[in-house]
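A.B. asks: Please model the complete structure; the sequences and the hints are all you need to start from.
Just so you know, the protein sequences line up as chains A and B, in that order. Start counting the first sequence at 1; every next residue gets the next number (this note's numbering). Start counting the second sequence at 1; every next residue gets the next number (this note's numbering).
Please note that the accuracy of each hint is not assured.
What the hints assert, rightly or not - Straight-line distance between alpha carbons at most 27 Å, and here's what the computed DSS-like set of lysine-lysine pairs gives: (1) A:121 - A:55; (2) A:142 - A:55; (3) A:35 - B:89; (4) A:86 - A:148; (5) A:35 - A:161; (6) A:160 - A:148; (7) A:55 - A:167; (8) A:35 - B:85; (9) B:89 - A:148; (10) B:85 - A:148; (11) B:23 - A:121; (12) A:167 - A:148.
What the hints assert, rightly or not - Heads up, incomplete: computed chain B residues facing chain A, CB under 8 Å, no partners named: (13) 49; (14) 53; (15) 81.
Bear in mind the hints are in silico, worked out from the structure with no lab data behind them. Quick reminder that beta carbons are idealized off the backbone N, C-alpha and C, glycines included.
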Amino acid sequence: MKRTWLPLGFIALIALLGIGLTLNPRQVPSPLIGKAAPPFELPRLDQPSRTFTQKEMLGSVWVLNVWASWCPPCLVEHPVVTELAKSVPVVGLNYKDAREDALPWLARNGDPYQLSVYDAKGRIAIDYGVYGVPETYVIDQKGVIRYKHIGPLTPEVAQKKLAPLVKELRGG
Amino acid sequence: MGRFVIIFCLWAGAATAAEDLDKRTAALAEELRCLVCQNQTLAESNAPLAVDLRNQVREQLANGASEREVREYMVARYGDFVLYKPPFKASTAALWLGPFALLLAGVVLLVRRLRRPRAPEPALSSAERERVAKLLE
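C.D. replies: Put into structure tokens, the structure is as follows:
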């Protein structure tokens, strides 16, 4: 009895630690899921004199994508964002960038965004708990954050997570 | 002279206030995790985000926020993970109690093993005794 119990306990401990090793410590669960998207009013990237606030998106399901021209993974995910933007409005949050770098970046790689806002100091990004660009948020009609993806979007995440979620939110 | 003294006092007062703010910012930054280089505190890390967050801590303390309010501000955005000493609650119970549970289990096993009666030493037959005696000669 005791002889079987002890190795079993040991194996359970090894299994627990093993599972821990497969988890990605970079994927910190966001406390913002299920909460209202933090409010902001920021100048537009393309027209500094005009501002945009998240309130303008109330009533539709939309995606907020944090990007910067200095961020290589943003370029990696750019085709995925471009594809995603065909089915859901995507607003860009241009993070700690310079207009003279960001605008040519969009001209070079295509601009899938409905518009981008310009967060030069990264102050709004802190409100959104951004710590690794790119990050992507799905926000529902009532302005509640429903999903957050950290790091570059992959076609799998876009197709298996984001697209069904957007569909579900629109249906509900 | 009087004017000089007043200016000096104001300057000295401002200097100690700034020093105090530096100390409080540094102390709080020691408790907060840098989200970019996760095994460093905000105080140790030079990642751009850590610099921004240190500035946030400083700015908020300067505006009269308490340490607790700044901690809450960080947790609201980055979760308990940002605290090097997360609060004790259901989701962190295993983290806080796990090591003690393992230690307790170890002690229980050890005590049980030590208390187990030892098997009596096998008695030697007379033939074996003779053999031992010969070998020891």
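A.B. asks: Give a verdict on every hint.
C.D. replies: Status of each hint after checking the structure:
1. A:121 - A:55: holds (21 Å)
2. A:142 - A:55: At roughly 9 Å apart (the allowed maximum being 27 Å), residue 55 (chain A) and residue 142 (chain A) satisfy the hint.
3. A:35 - B:89: With Cα atoms ~20 Å apart, residue 35 (chain A) and residue 89 (chain B) stay inside 27 Å; holds.
4. A:86 - A:148: holds (19 Å)
5. A:35 - A:161: holds (19 Å)
6. A:160 - A:148: Roughly 14 Å separates the two Cα atoms, so the pair holds.
7. A:55 - A:167: With a Cα-Cα distance of about 21 Å, the restraint between residue 55 (chain A) and residue 167 (chain A) holds, given a limit of 27 Å.
8. A:35 - B:85: Distance ~24 Å between residue 35 (chain A) and residue 85 (chain B) Cα, so the pair holds.
9. B:89 - A:148: The hint holds at about 24 Å.
10. B:85 - A:148: holds (25 Å)
11. B:23 - A:121: This hinted pair holds, its Cα atoms lying about 25 Å apart.
12. A:167 - A:148: Holds, at roughly 16 Å.
13. 49: holds (6 Å)
14. 53: holds (7 Å)
15. 81: holds (5 Å)
Hint check: no violations occur; every hint is consistent with the structure.
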